[in-house]
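Peer 1: Based on the provided sequences and hints, a complete structural model is requested.
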Amino acid sequence: MSDLKNKIDDLLMKVNKPARYTGGEINSVIKDANKVKIRFAFAFPDVYEVGMSHLGLKILYSLMNERDDTYCERVFAPWVDMENLMREKDVPLFSLETKTPLNMFDVIGFTLQYELSYTNILNMLDLSKIPIRSKDRKGYPLIIAGGPCAVNPAPLSDVVDLFVIGDGEEIINEILDLVASCKKDNVPKEDFLRRASKIQGVYAPSLYVETYNDDNTIKSIKPIEEGVPAVIKRRIVKDLDKTYHPDKQIVPFINIVHDRIVLEVFRGCTRGCRFCQAGMIYRPVRERSKETLLKLADKLIKSTGYEEISLTSLSTCDYSQIESLVYDLIEKYKDMGTGVALPSTRIDAFSVNLLNEIQKVRKTGLTLAPEAGTQRLRDVINKGVTEEDLVNSTKEAFKAGWKSVKLYFMLGLPTETMEDVKGISDLAHLVADVYKDVNGSTKGLKITVSTSTFVPKPFTPFQWYPQDDMDSIINKQNYLKELLRGKIFSYNWHEPNMSFLEAVISKGDRKVGQAIIKAWESGCKFDGWDEQFKFDKWLEAFESVGVDPKFYAYKNRDFDEVFPWDIVDVGVRKDYLKREYKKAIEGKLTGDCRLHCTGCGIKDLDEGVVCFEA
Amino acid sequence: MKLRAKFKKDGDLKYISHLDLMRTIERAMRRAQIKFSLSKGFNPHPLISFGPALSMGATTHGDYFDVVVEGEIDPKRFKDDLNKALPDGLEIIDCYIVDDKDLLSNKVKEAEYTVDVYLMSRVTNLAFEITRFLGRSEIFIEKESKSGSKVIDLKNYILDLKMLDSKGSKITLYVKLKISEGSPGPIYVIKALDDFLGHVFDVERVLVDRRNLILN
Ligand code: SF4
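Protein sequences, first through last, are from chains S and L. Mapping to our numbering: the first sequence position 161 is 161, numbers consecutive. In our numbering, each residue's number is its place in the second sequence (first place is 1) plus 1000.
What the hints contain is simulated information worked out from the structure, not anything from laboratory work. The beta-carbon is built from N, C-alpha and C at its ideal position, and this holds for glycine as well. Treat the hints with care, since some could be wrong.
[Stated by the list, open to error] Calculated lysine-lysine pairs in the DSS-like style (CA-CA distance at most 27 Å, straight line): (1) L:1002 - L:1040; (2) L:1109 - L:1178; (3) S:5 - L:1170; (4) S:395 - S:443; (5) L:1167 - S:5; (6) L:1035 - S:248; (7) L:1008 - S:14; (8) S:198 - S:184; (9) L:1109 - S:31; (10) S:14 - L:1170; (11) L:1084 - S:295; (12) L:1143 - S:14; (13) L:1167 - S:14; (14) S:332 - L:1084; (15) L:1109 - L:1002; (16) S:129 - S:14; (17) L:1162 - L:1176; (18) L:1084 - S:299; (19) S:578 - S:603.
[Said to hold, decoys possible] Reference listing, derived: stretches of chain S covered by chain L, where coverage requires no fewer than 3 residues with Cβ under 8 Å from a Cβ of chain L: (20) 14-28; (21) 304-315.
Peer 2: Below is the structure:
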């Protein structure tokens, strides 16, 4: 093993950011690997800086390492410079903590955060000398996967042995217990999977078969044997306040994407934006109490020494005691120079006073997400935000001295017209006028407009709706480039063919999975990184396996069509999603369900699921 | 009150940049609950200043930083507390109080390095070759800086250069350099020597250790 360490050392002087591959950070866990029963590799299919920013990793890493019988280590996708050297010098993919080759682990757990990192999963397996397809993996580590993209497990069904649907910390110990006992008794993988499928929230794809109709839609996804559940119910943490949250977090040496403490204040969202998958699949809202959060914050600040603590959730300003929580944190830690960050600000709930207070310790940016340019379209997507909200909040912010604003929008939303696209520019200009009102001129002002492309996602009301085609998106982007000229504006857009691929994979079935394998075989990886993305190779891959990607992205779906992800029950009912779809097309709003339950069905998923009680 | 700390950085921490090092020490001070003074303005940061930056991949056994702390702190306690909070590879070896007006940047004049290089081909009588190299009246090199590269005379900066040891293909050199604004690091000396010798070093495998910064 020290031999491998030396080999790695020889490579590190030749790569960018070598500290991506060394480990040894404060709060990383060092155990005697010979004294545990299970060796688990937490694998993140992107580079270190992206993976280390992820809360799920922090939670599961600490939680698993609290078990005496388990050692959880980390591994990230090596960047291309490192990968090339590793292949050249025959260095297998290794864990950061002990520099152990990945094929010596019992379990490798991938987290699925983004469809365009799927080829990295294949690449990481290959770099570990582990066969890609589960059927070829007798005697190899068990490959499991979880995370938000696992709600549609179909595309990776030939690769992953076992999917975890829902909150990982709720289920992981049951899986580890089973792994430990099966390892002791030398139970073969098929039997292990059979037993694991009895655990609620586990989907073992090899025990199911997907069949198709003549028009390529799904006919059925069915278990191939008795005793295997017909539907996989999502696992939910019922009481977040009592649920594990790490009180230590690894402090990387190099700058990562979110280089701060992450404190999760609640899970779920009650707003009901119709494009938002997270808002649907993380229901219901579960809060941590302020007392718990303050206690956790104190431990985290002391154990990490970080200069910033970020209060995360899908919309942190909705936390019921947000103001007093923020004030308390600022008061307690400002002498150490530790500030507070609210990563997702909504312009309606967002309080400028709060941001002002935060700003006293550390300067934060002003980021607002109206998502659509006109009120009509904002009503379609149920983004309960008005122009007035935007004017009021930016006015206050400019008065308080902010000079730059970032505005986030989506292009290609259902029913969008050029009028709506123009509305994006109109809003940006309106914000400039507000600034002029406050400051007399636009001197010093910087408005950044970013548009991403709408991707219809499973388990959202828009899952039946087609994605806008690429030509039309490019048209709209060019139109905005025209409209947003001038020094104060800068316009960022998202690569449309990446968003297309994201739509294809997120709504994909097992056949799309074959194309992913093909694409990787022809050299695709890091598809979410502009400089690595090879769209041509993807198109060739689709063609060679006889799959039409447009079918997945652009097809207008029937309400009674069977989806590949119907094997999963996330708790939000299909009839609710259909109702929301119809209301969207009629431009009717649905209120925040914190005030009135709008009947999404989540309460019936499981006993003990309770919603936020207003 | 201002403290001056002498530290070493080695092992895997040689792969972190100067900026990473500063952040790591700042966070370690927080973990150690050391009350350091903060700068004013947006994004307050501790009042720390470091000596000349080390290049990525280099280790040190004698670098310094100054830090302004609130109230009185016993330097020995500072050292012990901080050492408990630092990651493996970083260690405070000495700490003492200095005058508030004492600036590290004015104090650092010279630095001593050892450099391990690997020979790709044999050189007969390297010690003699080094003397010949030093015997040149001027050694012009191109040095990269933020504003592009410029030509400087290395000779003005080399205070000493000799061979300490050789084991197989591994040669250990001793380099002593003058430190001033924009002065070149030991890598430039190694590269110039390598040029002089007709490219015999494996330039991708050079290990620099700053043995000591000399303060006046
Ligand atoms: S059950 Fe009602 S209150 Fe709960 S998440 Fe669904 S709509 Fe909201």
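Peer 1: Hints first: check each against the structure and report whether it holds.
Peer 2: Tested hints:
Proximity of residue 1002 of chain L to residue 1040 of chain L is assessed by CA-CA distance (about 17 Å); at most 27 Å being required, the pair is judged to hold. For the proposed pair residue 1109 of chain L and residue 1178 of chain L, the alpha carbon gap of about 6 Å is at most 27 Å, so the pair holds. Among the hinted pairs, residue 5 of chain S with residue 1170 of chain L is consistent with the structure: their alpha-carbon atoms are about 20 Å apart, no more than 27 Å. With a C-alpha separation of about 15 Å, the suggested pairing of residue 395 of chain S with residue 443 of chain S holds against the 27 Å cut-off.
Of the supplied pair hints, the one linking residue 1167 of chain L and residue 5 of chain S holds, its CA atoms being roughly 22 Å apart against a limit of 27 Å. Using a Cα cut-off of 27 Å, the hinted pair residue 1035 of chain L and residue 248 of chain S holds, with the two alpha carbons roughly 21 Å apart. Distance restraint check for residue 1008 of chain L and residue 14 of chain S: the Cα-Cα separation of roughly 23 Å lies within the 27 Å cut-off, and the hinted pair is therefore satisfied. Taken as a hint, the residue 198 of chain S and residue 184 of chain S pair is honoured in the structure, with Cα atoms around 19 Å apart against an allowance of 27 Å.
Proximity of residue 1109 of chain L to residue 31 of chain S is assessed by CA-CA distance (about 44 Å); at most 27 Å being required, the pair is judged violated. Of the pairs offered as hints, the one joining residue 14 of chain S and residue 1170 of chain L holds, with about 19 Å between alpha carbons and a cut-off of 27 Å not exceeded. Between residue 1084 of chain L and residue 295 of chain S, the direct Cα distance comes to roughly 23 Å. Compliance with the 27 Å bound is thereby established for this hinted pair. Our distance criterion of 27 Å between C-alpha atoms is met by residue 1143 of chain L and residue 14 of chain S, whose separation comes to about 21 Å.
A hinted pair counts as satisfied when its Cα atoms are at most 27 Å apart, and residue 1167 of chain L with residue 14 of chain S qualifies at roughly 24 Å. With a C-alpha separation of about 24 Å, the suggested pairing of residue 332 of chain S with residue 1084 of chain L holds against the 27 Å cut-off. Taking the CA atoms of residue 1109 of chain L and residue 1002 of chain L, the gap is near 20 Å; set against the 27 Å cutoff, the hint holds. Proposed proximity of residue 129 of chain S and residue 14 of chain S is supported: the alpha carbons are some 23 Å apart, at most 27 Å.
For the hint linking residue 1162 of chain L to residue 1176 of chain L, the alpha-carbon distance of about 9 Å falls within 27 Å, and the restraint holds. Annotation: proposed proximity of residue 1084 of chain L to residue 299 of chain S holds, straight-line Cα distance about 17 Å (limit 27 Å). Pair hint residue 578 of chain S plus residue 603 of chain S holds up; C-alpha atoms about 18 Å apart against a cutoff of 27 Å. Counting residues of the segment 14-28 of chain S whose beta-carbon sits less than 8 Å from any beta-carbon of chain L gives 8, enough to reach three: the coverage restraint holds.
Figure legend: the segment 304-315 of chain S, annotated as covered by chain L; annotation consistent (4 residues with Cβ-Cβ distances under 8 Å, at least 3 required).
In this structure, only the earlier hint numbered 9 is contradicted, and the remaining ones agree with it.
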